[in-house]
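Kindly produce the complete structure, drawing on both the sequences and the hints.
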Amino acid sequence: MAASVNKHYTSPFPPLQLTPASAFELETLAQKFVARSIGTYERFLIDDHGKADETRWKLLSAKDGLRAYAEQPRGNDANVSYEEETPITDLPVVMITGTMVGNLDDIMYGVICNTTELMRIKTSYIHDDLVGSCVLASLATPTPENPFNATDIKWVEVKVPLATRPIIKNRDFVYLETTGIERLRNGERVGYHYVHSVQFPETPVRDSTVRGNSSIGVIFRQRDRDVTDVFIKAYFNPAGGLVRAITLRSAARLLLSVANNAYCSNMKKLVWAIRQKYAADTSSSSSDGGVSAVATSDEKSCSGCGSTN
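Just so you know, this note's numbering puts 904 at position 195 of the sequence shown, and the rest follows in order with no gaps.
Calculated from the structure, these hints are not laboratory results.
Please note that the accuracy of each hint is not assured.
Claimed, not checked - Each pair of labels, with its calculated beta carbon distance range:
(1) His-758 - Ala-988: 46 to 54 Å
(2) His-717 - Asp-762: 36 to 44 Å
(3) Asp-990 - Ser-770: 27 to 35 Å
(4) Pro-851 - Arg-932: 20 to 28 Å
(5) Ser-770 - Glu-854: 37 to 45 Å
(6) Glu-854 - Ala-988: 36 to 44 Å
(7) Lys-741 - Thr-719: 30 to 38 Å
Claimed, not checked - Cross-link-like lysine-lysine pairs, in silico, DSS-like; alpha carbons within 30 Å at most:
(8) Lys-767 - Lys-868
(9) Lys-868 - Lys-977
(10) Lys-767 - Lys-741
(11) Lys-986 - Lys-878
(12) Lys-868 - Lys-986
(13) Lys-878 - Lys-772
(14) Lys-868 - Lys-878
(15) Lys-772 - Lys-977
(16) Lys-772 - Lys-986
(17) Lys-741 - Lys-760
(18) Lys-760 - Lys-772
(19) Lys-868 - Lys-978
Beta carbons: idealized from backbone N, C-alpha and C, even for Gly.
See the structure below:
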C-alpha cells in the first residue's frame, strides 16, 4: 500500500529549478489572474444578477446546491455537434454557480492544500478523479496572519471516463495555483482559488498521458452564517482530439467536486484534533514516566514494601 501511495504522489519529473526572478514573475502572474477572476465575478453579479443566462449557458449537471453549465457555441459554431472534436479556437468553457453549506473560512480550509500530503488527503475526501498529484514548487506559503494564502506549482493526472479508457489516455496538467482571501470593490470578503497551466523545461510531456491545459477561477462569497456562494469559470483544452462532450462532462464532474470542500475541511480538523490529543497523551505519558524514574532514583524506594527512606 505504501509503495502505491508513494508512486501516485511522487513527481514524475526532475526537480523544478526556479530562479528568484522566475518565482516573482509567477507570483505576479497569479495575482493578475486573481484580479481578473474577481472582476469576472463582479460582472456576473451586476450584469447577470448572479444567475446564468440560459441563452448563453446550457445546463450540464448539478450536485447539491451547485449547477454546472457549458457555454453555448456562438455564431458559425452554433450547428457544431457536441460530439465533434474540439476546435483549437473553441475551447470548452464550463461555469459553476450556486451555494454550498459552510462558512467561508471552513471552505477555504478545505480548499488549501499546499503540500503533496494535503493534496493526497484532499483527493481522498472530495473524490476529484485525480490518480496522481504532487507539489513541484512552493512560491508562497500560509502564515498565521494569512492562513489561506498559498501559491504553488503542481502536477496532477486526471483519469478519463471509464468507457473511454481503452482508447484514450489520461490527461495530466502542470499548473500554477494560488489561493487566498481578497475583497470585492464593495468591501465584501471573498475566497479565491485560481489554477492556470504553465510549462517548464523540467516538465516534458509524458508518453503515458496527454498534456492538457486549463484556466480555472473559483470565487467563494459567504452569504449567510453557514451558506457560501460559489462561482467558477473554467477553460479547458484537453488536447489529443478528445471530443467536446467528453471534455465537458469530465470538467463538470471535476469542478462539482468543490461541493465536498466543507466536508474535507471538517475531516482535516478532525484529523488535526486526533493528532493533537495523541500528542498530548504521549507527552503526558512520557512526563509521568519521567517523574516516576526520578522518584525511584532520588527517594531510594524499597521494592519490597514500597516505603521510602
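A quick look at each hint next to the structure:
A hinted range of 46 to 54 Å holds for the C-beta pair His-758 and Ala-988, which are about 50 Å apart. Against the hinted window of 36 to 44 Å, the Cβ-Cβ separation of His-717 and Asp-762 comes to about 40 Å, which satisfies the hint. Our hint of 27 to 35 Å for Asp-990 and Ser-770 is violated, since their Cβ atoms are close to 46 Å apart. Checked against the hint of 20 to 28 Å, the pair Pro-851 and Arg-932 passes, with Cβ atoms roughly 25 Å apart.
Between Ser-770 and Glu-854 the C-beta distance comes to about 39 Å, which sits within the given range of 37 to 45 Å. Against the hinted window of 36 to 44 Å, the Cβ-Cβ separation of Glu-854 and Ala-988 comes to about 25 Å, which falls outside the hint. Distance hint for Lys-741 and Thr-719: a CB-CB separation of about 31 Å, consistent with the stated range 30 to 38 Å. At roughly 25 Å between alpha-carbon atoms, Lys-767 and Lys-868 fall within 30 Å of each other, so this suggested pair holds.
Between Lys-868 and Lys-977 the CA atoms are separated by roughly 25 Å; this keeps the pair inside 30 Å, and the hint holds. About 29 Å separates the Cα atoms of Lys-767 and Lys-741, which keeps this hinted pair within 30 Å; it holds. Annotation: proposed proximity of Lys-986 to Lys-878 is violated, straight-line Cα distance about 44 Å (limit 30 Å). Proposed proximity of Lys-868 and Lys-986 is contradicted: the alpha carbons are some 37 Å apart, above 30 Å.
Of the pairs offered as hints, the one joining Lys-878 and Lys-772 holds, with about 27 Å between alpha carbons and a cut-off of 30 Å not exceeded. Distance check on the hinted pair: Lys-868 and Lys-878 sit about 8 Å apart at the alpha-carbon level, within 30 Å; holds. In summary, the hint linking Lys-772 to Lys-977 is supported, as the alpha carbons are separated by about 22 Å, within the 30 Å threshold. Taking the CA atoms of Lys-772 and Lys-986, the gap is near 35 Å; set against the 30 Å cutoff, the hint is violated.
Among the hinted pairs, Lys-741 with Lys-760 is consistent with the structure: their alpha-carbon atoms are about 25 Å apart, no more than 30 Å. Using a Cα cut-off of 30 Å, the hinted pair Lys-760 and Lys-772 holds, with the two alpha carbons roughly 17 Å apart. Among the hinted pairs, Lys-868 with Lys-978 is consistent with the structure: their alpha-carbon atoms are about 28 Å apart, no more than 30 Å.
Comparing the model with each earlier hint shows violations of hints 3, 6, 11, 12, 16; every other hint is respected.
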